[in-house]
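Each protein sequence line maps, in turn, to chains A and B. Position one of the first sequence corresponds to residue 0 (numbering that gives the first Met the number 0), numbered consecutively onward. Position one of the second sequence corresponds to residue 0 (numbering that gives the first Met the number 0), numbered consecutively onward.
The reader is advised that the hints may include incorrect statements.
Because identical chains share one entry, a pair is satisfied inside a single copy or across any pair of copies.
With a straight-line cut-off of 27 Å between C-alpha atoms, the simulated DSSO-like cross-links for lysine-lysine are [to be verified]:
#1 Lys-74 x Lys-304
#2 Lys-229 x Lys-366
#3 Lys-74 x Lys-366
#4 Lys-20 x Lys-121
#5 Lys-66 x Lys-366
#6 Lys-313 x Lys-17
#7 Lys-92 x Lys-74
#8 Lys-22 x Lys-324
#9 Lys-66 x Lys-229
Honestly, the hints are just simulated from the structure, not real lab data.
The primary structure of each chain is shown beneath.
Protein chains: 2
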Amino acid sequence: MSVLDAAYVLKTLPTALKQGKAKRQTYQGLSYLHYTDDFHHIPRGTAIFGETVIFGYPHIGRVLALKAGIQAHFKAPFWAEEKINGYNVRITKICDQVIALTRGGFICPFTTDRLVDLMPLKIFEEHPRQVVCAEVAGPENPYLESSPPFLREDVKLFVFDLMRQGQPGFLPYREKQARIERYGLPAVPLHGYFQVHETCALSALILKLHQEQREGLVFKEDSPRDHRAKYVTGASCIDDIQASSDNLLDLPPEYFINRLLRLALFVEEHALPSSPALKQALGSAFLDGLHTAMQGYRATHHVSKRFRCRLRKKENAELLLDYLKHASRHIQILPRELRQENGYWRLEFERVYPALTGMLGDLLAGKMVYD
Amino acid sequence: MSVLDAAYVLKTLPTALKQGKAKRQTYQGLSYLHYTDDFHHIPRGTAIFGETVIFGYPHIGRVLALKAGIQAHFKAPFWAEEKINGYNVRITKICDQVIALTRGGFICPFTTDRLVDLMPLKIFEEHPRQVVCAEVAGPENPYLESSPPFLREDVKLFVFDLMRQGQPGFLPYREKQARIERYGLPAVPLHGYFQVHETCALSALILKLHQEQREGLVFKEDSPRDHRAKYVTGASCIDDIQASSDNLLDLPPEYFINRLLRLALFVEEHALPSSPALKQALGSAFLDGLHTAMQGYRATHHVSKRFRCRLRKKENAELLLDYLKHASRHIQILPRELRQENGYWRLEFERVYPALTGMLGDLLAGKMVYD
Numbered sequence: 000m001s002v003l004d005a006a007y008v009l010k011t012l013p014t015a016l017k018q019g020k021a022k023r024q025t026y027q028g029l030s031y032l033h034y035t036d037d038f039h040h041i042p043r044g045t046a047i048f049g050e051t052v053i054f055g056y057p058h059i060g061r062v063l064a065l066k067a068g069i070q071a072h073f074k075a076p077f078w079a080e081e082k083i084n085g086y087n088v089r090i091t092k093i094c095d096q097v098i099a100l101t102r103g104g105f106i107c108p109f110t111t112d113r114l115v116d117l118m119p120l121k122i123f124e125e126h127p128r129q130v131v132c133a134e135v136a137g138p139e140n141p142y143l144e145s146s147p148p149f150l151r152e153d154v155k156l157f158v159f160d161l162m163r164q165g166q167p168g169f170l171p172y173r174e175k176q177a178r179i180e181r182y183g184l185p186a187v188p189l190h191g192y193f194q195v196h197e198t199c200a201l202s203a204l205i206l207k208l209h210q211e212q213r214e215g216l217v218f219k220e221d222s223p224r225d226h227r228a229k230y231v232t233g234a235s236c237i238d239d240i241q242a243s244s245d246n247l248l249d250l251p252p253e254y255f256i257n258r259l260l261r262l263a264l265f266v267e268e269h270a271l272p273s274s275p276a277l278k279q280a281l282g283s284a285f286l287d288g289l290h291t292a293m294q295g296y297r298a299t300h301h302v303s304k305r306f307r308c309r310l311r312k313k314e315n316a317e318l319l320l321d322y323l324k325h326a327s328r329h330i331q332i333l334p335r336e337l338r339q340e341n342g343y344w345r346l347e348f349e350r351v352y353p354a355l356t357g358m359l360g361d362l363l364a365g366k367m368v369y370d
Numbered sequence: 000m001s002v003l004d005a006a007y008v009l010k011t012l013p014t015a016l017k018q019g020k021a022k023r024q025t026y027q028g029l030s031y032l033h034y035t036d037d038f039h040h041i042p043r044g045t046a047i048f049g050e051t052v053i054f055g056y057p058h059i060g061r062v063l064a065l066k067a068g069i070q071a072h073f074k075a076p077f078w079a080e081e082k083i084n085g086y087n088v089r090i091t092k093i094c095d096q097v098i099a100l101t102r103g104g105f106i107c108p109f110t111t112d113r114l115v116d117l118m119p120l121k122i123f124e125e126h127p128r129q130v131v132c133a134e135v136a137g138p139e140n141p142y143l144e145s146s147p148p149f150l151r152e153d154v155k156l157f158v159f160d161l162m163r164q165g166q167p168g169f170l171p172y173r174e175k176q177a178r179i180e181r182y183g184l185p186a187v188p189l190h191g192y193f194q195v196h197e198t199c200a201l202s203a204l205i206l207k208l209h210q211e212q213r214e215g216l217v218f219k220e221d222s223p224r225d226h227r228a229k230y231v232t233g234a235s236c237i238d239d240i241q242a243s244s245d246n247l248l249d250l251p252p253e254y255f256i257n258r259l260l261r262l263a264l265f266v267e268e269h270a271l272p273s274s275p276a277l278k279q280a281l282g283s284a285f286l287d288g289l290h291t292a293m294q295g296y297r298a299t300h301h302v303s304k305r306f307r308c309r310l311r312k313k314e315n316a317e318l319l320l321d322y323l324k325h326a327s328r329h330i331q332i333l334p335r336e337l338r339q340e341n342g343y344w345r346l347e348f349e350r351v352y353p354a355l356t357g358m359l360g361d362l363l364a365g366k367m368v369y370d
């Protein structure tokens with residue numbers, strides 16, 4: 000393969016455009032391109048502004064067995080950072096404007112609008128080519144139905160990596176930490192520095208996070224290869240199911256099977272097999288969402304979920320709705336409210352899940368199925 | 000369409016054979032053909048012995064909403080028979096031998112071997128062209144992992160319909176009941192005769208069956224069109240999941256999604272949404288099977304389930320193993336024991352689930368996945 004650098008991305012772009020693997024976009028007069036799929040080793044979400052390449056955030060592998068996974072993949076000590084249940088953004092400065100890119104490489108109108116609330120932006124004055132990689136999470140986000148248990152309103156931002164424009168890799172861990180401190184960036188919680196053999200301590204840590212309903216950990220090796228892996232709690236598997244069970248037919252069924260398998264491996268490794276509370280939580284995760292979906296269907300004739308978020312500028316709320324409508328092909332977006340409140344524009348909209356809506360319509364009317 | 004009769008089936012056979020929709024089989028020197036798929040209105044499982052056609056058992060539609068389903072589909076009173084959690088057979092006499100056909104139209108070596116234990120065969124002396132449609136169920140059956148809660152050992156047979164060789168339809172209900180009585184056939188429990196508006200009584204009945212962990216009901220309209228529908232209990236959905244969760248990756252994921260949807264509709268219609276016991280049972284259904292699978296994998300390096308059954312003749316045990324090996328393409332059959340006990344041949348074998356075996360092997364070794 001060629002070396003993965005900005006020149007290679009720019010050279011590959013015409014082919015990617017021709018094959019539909021890259022697309023042109025515009026955001027308030029700013030024109031850019033982004034890779035909509037992994038393509039010739041260039042990660043999906045890589046965005047190009049003129050000659051400036053912002054590499055996509057790379058995939059981090061997941062292990063489903065903690066001890067075996069650590070032992071199989073890590074050769075040096077590693078940091079364990081908390082994995083936050085939110086959406087991934089890369090924040091950088093393009094032509095004097097600081098913008099936030101989604102995982103897919105779109106400029107996110109919501110995050111970009113709220114950046115001044117989410118983090119100090121001074122880092123971009125001294126390091127104008129810095130790319131800040133972070134998770135945005137909270138109950139009032141426009142993308143995800145679930146959020147970390149410790150956030151009660153709005154959204155927060157949690158930095159976990161620094162990149163540079165035009166380069167695919169990350170800043171070394173200690174440099175990243177130094178800059179986070181220096182610029183007062185809000186960071187993901189760091190839960191420790193572990194030796195490869197310290198799996199008992201890790202096991203105790205993940206169980207604590209599980210009990211606190213947190214999502215999990217990302218391990219980052221203290222080595223030049225900067226090897227990484229993620230591992231999630233059983234609670235996060237249940238939370239994913241809970242958040243998605245009213246969307247049972249619009250997600251691929253493997254979504255649920257994967258989480259069940261992760262949960263079962265978690266339960267076995269951490270010796271929780273007989274926990275009635277956990278079993279009840281899993282049962283509730285499936286049934287409560289479907290129950291709400293049915294009640295919703297009976298009341299409104301569709302299955303939907305309401306999302307709320309607040310923005311500084313009205314035009315960004317409208318750009319967000321446009322983006323959501325284009326991004327979710329088969330899921331319908333219904334704007335419900337846009338009003339000023341405490342200096343923000345408060346946006347409410349619904350996502351309508353068409354497959355479950357259609358299926359419940361048929362089944363509640365007594366439709367006969369042949370299976 | 001042509002009228003569905005024996006002549007039509009025989010006429011269509013060469014095309015079906017050419018297109019791979021019908022196959023030749025032999026059972027102890029008896030040669031026959033059977034339709035392996037629905038084909039030009041001929042149901043899958045239709046079997047042909049020379050000029051004698053045994054029609055496949057037709058599909059019965061399922062409703063997922065009891066009251067709405069009854070009101071949408073029934074125009075006359077109907078009988079409510081219990082649906083038994085077993086496998087469907089058609090029993091008939093071919094050249095002086097009474098045989099049992101599976102749903103797919105194979106001669107079942109197990110059921111055929113055990114017929115003398117399962118039902119009186121006198122009906123075939125007086126009605127040599129009768130076809131007895133029945134469910135065989137019990138903990139010692141070679142096909143299904145679950146069985147009705149009221150059966151503690153071996154298998155039993157439950158007759159629910161009578162057909163005639165060469166004809167696709169059923170004997171009228173009252174004639175069927177008269178023959179069942181006259182020949183002392185073991186029948187499925189009949190739970191009553193209901194008017195279309197009596198949905199409250201039906202609701203109470205299905206809740207009782209649910210509490211007793213029984214499978215459900217089949218409704219048969221008292222009318223010349225003999226309209227039918229089936230409806231299952233929430234308990235049966237949980238039981239299906241429980242019986243199959245150690246087979247999580249070898250079944251299509253929709254298997255689980257469908258049962259979750261059925262269960263959620265049952266819970267909502269019968270006002271059980273806050274039942275902690277039911278939620279815990281659902282959680283257990285998923286987690287206990289997977290836990291057992293993991294323990295099994297750690298002990299034996301494969302995920303399997305052990306089946307036991309008893310037969311009269313040793314050669315039928317061997318024919319059964321051959322049949323199982325051919326019937327389940329990707330699931331491996333491992334014979335474990337065949338010994339004489341109390342006048343029967345006791346057969347034990349294992350079904351190995353390859354997808355979960357392979358996946359657990361990888362994951363428990365710490366494999367990294369990218370999702």
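So, going through the hints one by one against the coordinates:
| no. | hint | verdict |
| --- | --- | --- |
| 1 | Lys-74 x Lys-304 | neither (45 Å within a copy, 38 Å between copies) |
| 2 | Lys-229 x Lys-366 | between (44 Å within a copy, 12 Å between copies) |
| 3 | Lys-74 x Lys-366 | between (58 Å within a copy, 15 Å between copies) |
| 4 | Lys-20 x Lys-121 | neither (35 Å within a copy, 71 Å between copies) |
| 5 | Lys-66 x Lys-366 | between (49 Å within a copy, 11 Å between copies) |
| 6 | Lys-313 x Lys-17 | neither (35 Å within a copy, 67 Å between copies) |
| 7 | Lys-92 x Lys-74 | neither (36 Å within a copy, 70 Å between copies) |
| 8 | Lys-22 x Lys-324 | within (17 Å within a copy, 51 Å between copies) |
| 9 | Lys-66 x Lys-229 | within (12 Å within a copy, 48 Å between copies) |
Hint compliance for this structure: hints 1, 4, 6, 7 are broken, all remaining hints hold.
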